[in-house]
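The primary structure of each chain is shown beneath.
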Amino acid sequence: MSVTTLSSDALAQRQPNWIVRLFDYKPFLIVMCLAPAIGLLTVFLTYPLGLGVWLAFTDTTIGRRGIFVGIENFQYLLTDPLWWNAVFYSVFYTGVATFGKFALGFWLALLLNNHFPFKSLLRAIVLLPWIVPTVLSALAFWWIYDPQFSIISYLLVDVLHWRDSNIDFLGSPWPARFSLIAANIWRGIPFVAISLLAGLQTISPSLYEAAMLDGASAWQRFRYITFPMMLPILAIVMTFSIIFTFTDFQLVYAITRGGPVNSTHLLATLAFQRGIAGGELGEGAAIAVSMIPFLVFATLFSYFGLARRKWQQGEAND
Amino acid sequence: MTETAAQSTVADAKAPPDTMAWDSGLRRLMMIYLPLGCFVLILLFPFYWMAITSFKPNAELMNYRDNNPFWISSPTLAHIKHLLFNTAYPQWLKTTMLVAIGSTTLSLIASTLAAYAIERLRFRGSPYVGLGIYLAYLVPPSILFIPLATVVVQFGLFDSPLALILVYPTFLVPFCTWLLIGYFKSIPYELEECALVDGATRLQILRRITLPLAVPGLISAGIFSFTLSWNEFIYALAFIQSGANKTVPVAILTELVTGDVYQWGALMAGSLLGSLPVAIFYSLFVDYYVSSLTGAVKE
Numbered sequence: 001m002s003v004t005t006l007s008s009d010a011l012a013q014r015q016p017n018w019i020v021r022l023f024d025y026k027p028f029l030i031v032m033c034l035a036p037a038i039g040l041l042t043v044f045l046t047y048p049l050g051l052g053v054w055l056a057f058t059d060t061t062i063g064r065r066g067i068f069v070g071i072e073n074f075q076y077l078l079t080d081p082l083w084w085n086a087v088f089y090s091v092f093y094t095g096v097a098t099f100g101k102f103a104l105g106f107w108l109a110l111l112l113n114n115h116f117p118f119k120s121l122l123r124a125i126v127l128l129p130w131i132v133p134t135v136l137s138a139l140a141f142w143w144i145y146d147p148q149f150s151i152i153s154y155l156l157v158d159v160l161h162w163r164d165s166n167i168d169f170l171g172s173p174w175p176a177r178f179s180l181i182a183a184n185i186w187r188g189i190p191f192v193a194i195s196l197l198a199g200l201q202t203i204s205p206s207l208y209e210a211a212m213l214d215g216a217s218a219w220q221r222f223r224y225i226t227f228p229m230m231l232p233i234l235a236i237v238m239t240f241s242i243i244f245t246f247t248d249f250q251l252v253y254a255i256t257r258g259g260p261v262n263s264t265h266l267l268a269t270l271a272f273q274r275g276i277a278g279g280e281l282g283e284g285a286a287i288a289v290s291m292i293p294f295l296v297f298a299t300l301f302s303y304f305g306l307a308r309r310k311w312q313q314g315e316a317n318d
Numbered sequence: 319m320t321e322t323a324a325q326s327t328v329a330d331a332k333a334p335p336d337t338m339a340w341d342s343g344l345r346r347l348m349m350i351y352l353p354l355g356c357f358v359l360i361l362l363f364p365f366y367w368m369a370i371t372s373f374k375p376n377a378e379l380m381n382y383r384d385n386n387p388f389w390i391s392s393p394t395l396a397h398i399k400h401l402l403f404n405t406a407y408p409q410w411l412k413t414t415m416l417v418a419i420g421s422t423t424l425s426l427i428a429s430t431l432a433a434y435a436i437e438r439l440r441f442r443g444s445p446y447v448g449l450g451i452y453l454a455y456l457v458p459p460s461i462l463f464i465p466l467a468t469v470v471v472q473f474g475l476f477d478s479p480l481a482l483i484l485v486y487p488t489f490l491v492p493f494c495t496w497l498l499i500g501y502f503k504s505i506p507y508e509l510e511e512c513a514l515v516d517g518a519t520r521l522q523i524l525r526r527i528t529l530p531l532a533v534p535g536l537i538s539a540g541i542f543s544f545t546l547s548w549n550e551f552i553y554a555l556a557f558i559q560s561g562a563n564k565t566v567p568v569a570i571l572t573e574l575v576t577g578d579v580y581q582w583g584a585l586m587a588g589s590l591l592g593s594l595p596v597a598i599f600y601s602l603f604v605d606y607y608v609s610s611l612t613g614a615v616k617e
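First to last, the protein sequences are chains P and Z. Once you know that position 78 of the first sequence is 78 in our numbering, the rest is easy, because the numbers rise by one and skip nothing. Once you know that position 212 of the second sequence is 530 in our numbering, the rest is easy, because the numbers rise by one and skip nothing.
Worth flagging that the hints you see were computed from the coordinates, not collected in a lab. Certain hints may be false.
Short, incomplete list of chain P residues facing chain Z, as computed with Cβ under 8 Å [claimed, not checked]:
{"#": "1", "residue": "Phe23"}
{"#": "2", "residue": "Leu45"}
{"#": "3", "residue": "Asn114"}
{"#": "4", "residue": "Ile125"}
{"#": "5", "residue": "Pro147"}
{"#": "6", "residue": "Phe149"}
{"#": "7", "residue": "Tyr154"}
{"#": "8", "residue": "Ile292"}
The calculated label-pair distances, taken between Cβ atoms and stated as ranges, are [what the hints assert, rightly or not]:
{"#": "9", "chain 1": "Z", "residue 1": "Phe441", "chain 2": "P", "residue 2": "Arg257", "range": "40 to 50 Å"}
{"#": "10", "chain 1": "P", "residue 1": "Gln220", "chain 2": "Z", "residue 2": "Val358", "range": "26 to 36 Å"}
{"#": "11", "chain 1": "Z", "residue 1": "Thr576", "chain 2": "P", "residue 2": "Ser172", "range": "23 to 33 Å"}
{"#": "12", "chain 1": "P", "residue 1": "Pro81", "chain 2": "Z", "residue 2": "Thr576", "range": "47 to 57 Å"}
{"#": "13", "chain 1": "Z", "residue 1": "Gln409", "chain 2": "P", "residue 2": "Arg223", "range": "54 to 64 Å"}
{"#": "14", "chain 1": "Z", "residue 1": "Leu602", "chain 2": "P", "residue 2": "Ser204", "range": "43 to 53 Å"}
{"#": "15", "chain 1": "Z", "residue 1": "Ser391", "chain 2": "P", "residue 2": "Ala103", "range": "33 to 43 Å"}
Where is the CB? At the ideal position from N, CA and C, for every residue including glycine.
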């Protein structure tokens, strides 16, 4: 008798109530843990993504539900010189800015990989442009590019006497395009440099020692050790960089808003102008959707970069 | 260039040791310190320019002939005073702070749980859930903001900071989840097994063992989310209309840029004040930033 009471007591202690037991039931726990993240992402990411594709095939405007119009929006875009212009500038902007960012960022990473005093302080300073809100540093660039009071013009005209007149940075198409690219490179260098620096630090010094014993020159060491070892991380960082440069919005919107005469519109700013400012949601969505093929291309690039890394490490490495 | 290279190799080969040391010192200066100096100068100049502009009186701002533009002869607080007392700047700061803290808290909770489930509860298909969340990070806001605007309107959240708090996790959760998966991976599984053997429930394990050990990861994820949501622009621009509810980056661009003559002093003062919170935050947690940035890339 006493034995049974004891055991049931112990049982009651071990399994206090059903809530605790439920939370120890693994499938339930998994669902509960994943629910907030998956829920948020489904409602505010997957659903809008699908909705965006649907909107691109309708003539929705703000305040009016649209009807399905097939590929009319896209047909219109193909005849729209502004869209072609935006495609051209998006590709050009991404290409030139990515090249600049990686050339300068890689260089900066190699420089930071040396030993010198105040290294961590310097690394902290270098990352600053990436931390500060882009729009706010873009405003600083807008002021630096001012037609009358540009500090660059002041330096070139009044201090160095290299030019006779101020540079009109944002007044005509090509200077405006390059000014924006310069601002984008400025903002992108820190991210590239710090990510690549992390990659550089994982390369074993013994490889360099072996190469030096074999009489490899500095260039050969870079070409045959540093560069191949950095390829996987370069591929990943570059994918991120390409995706976020191609879909850039803030810099252009803050500095030129697509002007002068629509010459600096990226696809994102054009989508905003048509979709939100102009109210043509369907057409704006179509412009946004037209970015997807480029993004898929960049993602595949990343995938193969990752696959290559696994292959290099010999086996599946999660 | 080739000539100097040739000279230096000759010097390397023949010169006595002390000349060689000097030569390599000079070489080091030219090859490392000089380019580094240029990089730092260019990377920091816009901030210097921003700071110096916000304390310059208007007369000095528009006259480079009589004043050295790189220095202030009579610093003034007029621009900052104007911002704080004649505009809704304090209100914008408050809204931005609210949105950043709200969305950071929300995404930290969601991504901690998700990362724990994916990394430690290991179920069939957990790698695919992880991959799905990673792919979500590759969807840029620029292709989402138009449909999201209609979703926000449907939910009756248009022009409300709550919309931003709910929407920002779309780019914060993927990032934080991947960061935390990495941290959870580094915590020895044996610790959890011991606790399981001792009769702890899963939730107790998460609270008493895994989370305390993952604190550095949580701090990294938290400060990163805070910075990203403080800096966010396109959603805040598209979903908020009334002046009082705007976040700092949007408000400066849409409320302070008025007319044809730009108030550069006030604009730069606004940018400086808007950058300060993240800059201070950054200076306190530099190492966490660097580790989370590089950790997320390496994952």
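Against the structure, the hints come out as follows:
no., hint, verdict
1, Phe23, "5 Å, holds"
2, Leu45, "4 Å, holds"
3, Asn114, "5 Å, holds"
4, Ile125, "6 Å, holds"
5, Pro147, "11 Å, violated"
6, Phe149, "7 Å, holds"
7, Tyr154, "5 Å, holds"
8, Ile292, "7 Å, holds"
9, Z:Phe441 - P:Arg257: 40 to 50 Å, "49 Å, holds"
10, P:Gln220 - Z:Val358: 26 to 36 Å, "30 Å, holds"
11, Z:Thr576 - P:Ser172: 23 to 33 Å, "25 Å, holds"
12, P:Pro81 - Z:Thr576: 47 to 57 Å, "32 Å, violated"
13, Z:Gln409 - P:Arg223: 54 to 64 Å, "56 Å, holds"
14, Z:Leu602 - P:Ser204: 43 to 53 Å, "33 Å, violated"
15, Z:Ser391 - P:Ala103: 33 to 43 Å, "40 Å, holds"
Hint check: violations occur at hints 5, 12 and 14; the rest are consistent with the structure.
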